Every structure is written in structure tokens, then in C-alpha cells.
Amino acid sequence: MNFQLTKEQEFVRKMVREFATNEVEPIAADIDKEHRFPEENVKKMAELGFFGIPFPKEYGGAGGDNLSYAITVEELSRQCGSTGVIVSAHTSLCCWPIFGWGTEEQKQKYLPDLLSGRKLGAFGLTEPNAGTDSKGQQTRAEDKGDHWLINGSKIFITNGGYAETFVVIAVTDKTKGNKGISAFIVEKDFEGFSVGKIEDKMGICASSTAELVFQNMKVPKENLLGGLGDGFKVAMSTLDGGRIGIGVQALGIAQGAFDVTVDYMKARKQFGKRLADMDALRFEMAALATKIEASRLLLYQAASLKDAHLPYGKQSAMAKYFASETAMEVTTKAVQFHGGYGYTRDYPVERMMRDAKITEIYEGTTEAQKLVISGAVFGK
Amino acid sequence: MALKIIVCAKQVPDTNEIKIDPIKKTLIREGVPSILNHDDANALEEALKIKDKWPDTHITVVTMGPPQAKDMLIECLAMGADEGVLASDRALGGSDTWATSNAIGAAIKKVGDFDILFAGRQAIDGDTAQVGPQLAEKLGIPQVTYVQEFEIADNKTDITVKRALEDGYELIKIKTPCMLTAIKELNTPRYMSISGIFDAVKKDIPTFNAEFLGVDVDHEVGLEASPTNVFRSFTPAPKGKGEMLEGDTEKEQVDKLLVGLKTKHVI
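Here the protein sequences come in this chain order: A and B.
With the numbering used here applied, the first sequence has no gaps in its numbers, which climb one by one up to 380 at the end.
With the numbering used here applied, the second sequence has no gaps in its numbers, which climb one by one up to 267 at the end.
To be clear, the hints were calculated from the coordinates, so they are not data collected in a lab.
Any given hint might turn out to be false.
Below, simulated DMTMM-like cross-link-like pairs (lysine to aspartate or glutamate); rule was C-alpha separation at most 20 Å, straight line [claimed, not checked]:
#1 A:K14 x B:D71
#2 A:K109 x A:E39
#3 B:K53 x A:E47
This one's a predicted model, so the numbers in the text were calculated from it and none came from an experiment.
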């Protein structure tokens, strides 16, 4: 077992950290306040290759690995959780299923634009009555001979308002349960596609969370992703990887909040000494540092298993569950240790606390992760 | 005609808290994070801008340093340079600027012909600003230092640069081949690209040792051959605040200056 990062991974961390410090941090508070999608940084990240990291060069990717991708989302999220999830949702939830399940024609057609960041991707699974319970899908896809006709809607779709390519899950045969669900590649310019309500959220305010509406949307036959009835498998395998993306977002938020708190504790004096010199607080910080490092090891392990093409579903569930709870704990304590200042928008920790909460919810709630883990423990 | 550009770069410690070897009086580099020298990043960026315009431009980055200086070359490659060359040998250790320019000059000759030789103005560790100009002298090419603006004509030969002075600038026309030293005002260096990182790490970076460079290890390179010695390194005491002399006429200002100098017993 070797816990050392490769040279490539070290350089990726150095480069993304520089980018996040120079380009992301200066606008993070503003885009949160204004609920503004950071188009300028998305463009810069596209030019630098952030949107196709763990994919081969032949499709326009960077030819990198999943751990490098994980490090990228972590480093972005240290400064801004919204920016982290833009890359995470695009990579894990749209590019990955097309790369993993797509035909050669589909890969050739869609991946170059996605991996270069010319187009942003998103994933449509969740519906008002079907989140973790994906069998409750109500979006229907009917076979019309020369095309599919899709009707329904999806909610809480990350990148929804800005994406141009979507992987959408819909029911193709409601009598077959999970085997009656299929996946489709959808373009925003398809007739009958529209973006509905944009959510007003507690955190990750600069990420675009949208409703997708399909009204008699015509989808070409060749845009079925995977086989007919494979939709559940496409969705579940996508979420296995997606959990790593959200886990490292949580890790980055936790690390960011921790780092600014360390700086604050070194500078802030009360009762004649620095907060950093008070054992009660030091010990709490020691516990948090340990949990952050444990999250990192779980996440990097899951990413490394994925890179080695080994099963990683259980590990990614454990990693996401632990990292997101750690993020919530670290950011809550970060606000606490900042005192009244931490509750104001003059300091970034309240934003980090709001951003952290969603990591316990999306791409599988903590409860859903425990479902996966307990299934691995006891058998399904 | 494809342009050939050589960029001289140096890996430097990323801190002001550097320790100094009490005997050699040179910097102790172990344990201090190393970075691409800032002005050298500007030099590379200008070369990369030329390559953006004419993609067949070939950029080779040359450095001298310990084996770990390869990491800095990887960074340069990941930013977009085509090749990196490391001059590295124990015999080169402790070189002053004269000996360094001998070694780098020899490495450049091994790399081959070039049209433009870019260097940073100076390195943040030694702060001498001498290696670039010495290279130009030893290679027998014209030089312009402190370049803050650069323009090359479509004939790829005629270059116009703005050279920064303390209180203004000079506009200078120069032809290739030439040596230019960059200052931070010249541009903003780009980031490494992610796919560039994966390519760069795989790339072969040749190491030129003293024998391959063909330098005389007793008289041309290394500590012993260096004509200058560092006697002491220290942080200079900050200069006192200057005093502006008010006065409606020059005569009045000069009078005040004379009074001031006399009261301080300078004259």
C-alpha cells in the first residue's frame, strides 16, 4: 500500500490550488450573495482542462485519473463549494455515464464538446416523487418508431440552467419496475425541452439548480444510453462515482473552513491569550483535523479503487457519508470558534456551513449511503 | 520559418525565510518549497504568447540546478513549453553568475540555434540580474534588459521592445537572434493546463552533465572557479523615509536642501 500521490497528482493539486486562490476565492463571497453562476470561471476552467480530467485524450479528455479529478474538486471546494460542484456534476454525472455506457458513436458525438468544457453537462434523475427511491419515476419515454417521445419533469438538477447536454432517466415500461427504466442523452435544443424553476437554495448559491421540463420532447432513437431497460443500472453506477465527487466537495469545504479557522485562532486574542493557545479549542481542532484526514483517506481510497477498475461502491458510500458529516461538523464548529464574526457574511465560514449541508443530502442522503453500506454488510 | 526560442529559468526557494550555509555563505535549499522564479515565468509566458500566434514555434526551457529542478521544468512543460533541459552536475555546484553563465551558455550551444533567448530579469534568491546579460555577451548576441513590452513583426525577425527605466521607458528595435530579460510588467503568466501536466510528467527531460557540456570543471564552473565569493548575506535595514522639499522655485528648494544638509553636518 502506497499513500503517496503521484507526480501528476501533486502537480494537479498545486495548479488547482493556485487557480482557486487567484480566481475562485476573490469572487466566492460575491457569487454566493448574488446567487450568480460563475460563467467567467467556468470558461477559464474549460480552457485549463478542468472538465475532462479522468477521460482519455482520444475523446478530448486530459488523460488523467479519478484521484486527480477528486483532488481538483477538493481544491476548488476549499474556496467555493458551488464552483466545486459545477465540475463534479458535469464530470461524474454526465460525462462519466456517456463514457461508461455510450456507444462509440455517442462518445464521438458528445464527449469532445463536454470534456473540453465547450458544453456543460448535467444529469436528470430526481423527480418530485422520486429521489432516492428511483423506482418512483414518472417521466415517461414512449417508443414512436423512429424516435422517443419523452414527457415529464426533473427537479433539483445541478448545472440545469447552464448545461447543454443531459443524461436523463425515464420509464420505458412501467410494468417492469427497475428494468423498465432507461437512460437517454438529451440536448437542450431538442424540441419540447425547457428549463423550469430555478431553485432558491440555502447554500451552494452560485450553482444552478433547475427544474427540467419535457413536453412531447422528441429524442432520436440513437440517443438511448445503454440498453433498453438499463436505466437503473446506468443511474446507480453513475451515482457510485458521483458520491466520490460530492465527498471531495465536502472534504474541500471542511478543509477550507478548518484553514481559515486556524488562521483566525492564531490572530484572535481573548482573556490575554490567542485562541490558538487555549487547550479546549486546540483539542477540538485536533479532533476535527483527524476527521478531515480520515475523510480524505476514505475518499482517495475510493477514487484509487475506481482507477484500478475494482469495485468501489461500498467505499464511495462510506467516504461520502463520513466526509459530508465531517464537513457539517467542521463548518459548524468553525462558525462557533469565530464567535459573532463567524455568523456574519464578512467571514467565509457561514457560507461554508450553508454549503456543507447539501453534501449530506444530494447524490444520496446520508441515510441512502447507510443503506448501501448496510447492504454490503448484511447482504441485500 | 519556425521560430526557435530558448527560455532560461531557475528554480528558487519560495520564501524569504531562507537559511544560509555558514561556511559556503550560499543558500540552503533543502526543506524549502521551490518554485519557478517569477520573472522567468514572465519570460516563458512571452515565449508562449509567440507560440500562441505561431504554433510551430519551438520553446526549450534551460535550467541549471540539482536533480529536483526537473520539477520546475515539468511545470514549464505543463504551461506549454516543448522541451526542457537540465544542466546538473556536482561540479556545477556553488557557481557564481560568471560560472553559471558558462554552464548555461554551454547547455544552450548543445540545444542548438535559436532566434530569441528569453530570461527573467533576476532570480528572487540571488537578485543579481547578471546571468542573462552575461549569456548574451558570451554567446555574442545583442541584449535588452528590463523588457516590459514586446512585439515581433510578421517577418519574425524585427522586434520592438519597451525597456523599463526607473522614471520612464526606452523603445528599442532589435533583430533576432537576441537576448531579452523579462520583468513582471511584461505579462501575466498562465497556469499549467491539466492535460499539459499529464503530458509533461511523461516527457523525457535530458540532463546535461559537465562532461557532456564540455566545460572545464577546474576553471569555468563550480565554486572554485567562481571569481566572486559571497562574504555575508543579510537583510538590509530599511531605508529611512525620504523627505520632500517644498518650494515655489528651484532656488528656494535648493536653499532648503543646503540648510538641511548643513544642519545635519553633511556639508
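Hint check results:
no., hint, verdict
1, A:K14 x B:D71, "12 Å, holds"
2, A:K109 x A:E39, "24 Å, violated"
3, B:K53 x A:E47, "17 Å, holds"
Checked against the numbered hints given earlier, the structure breaks only hint 2 and satisfies all the rest.
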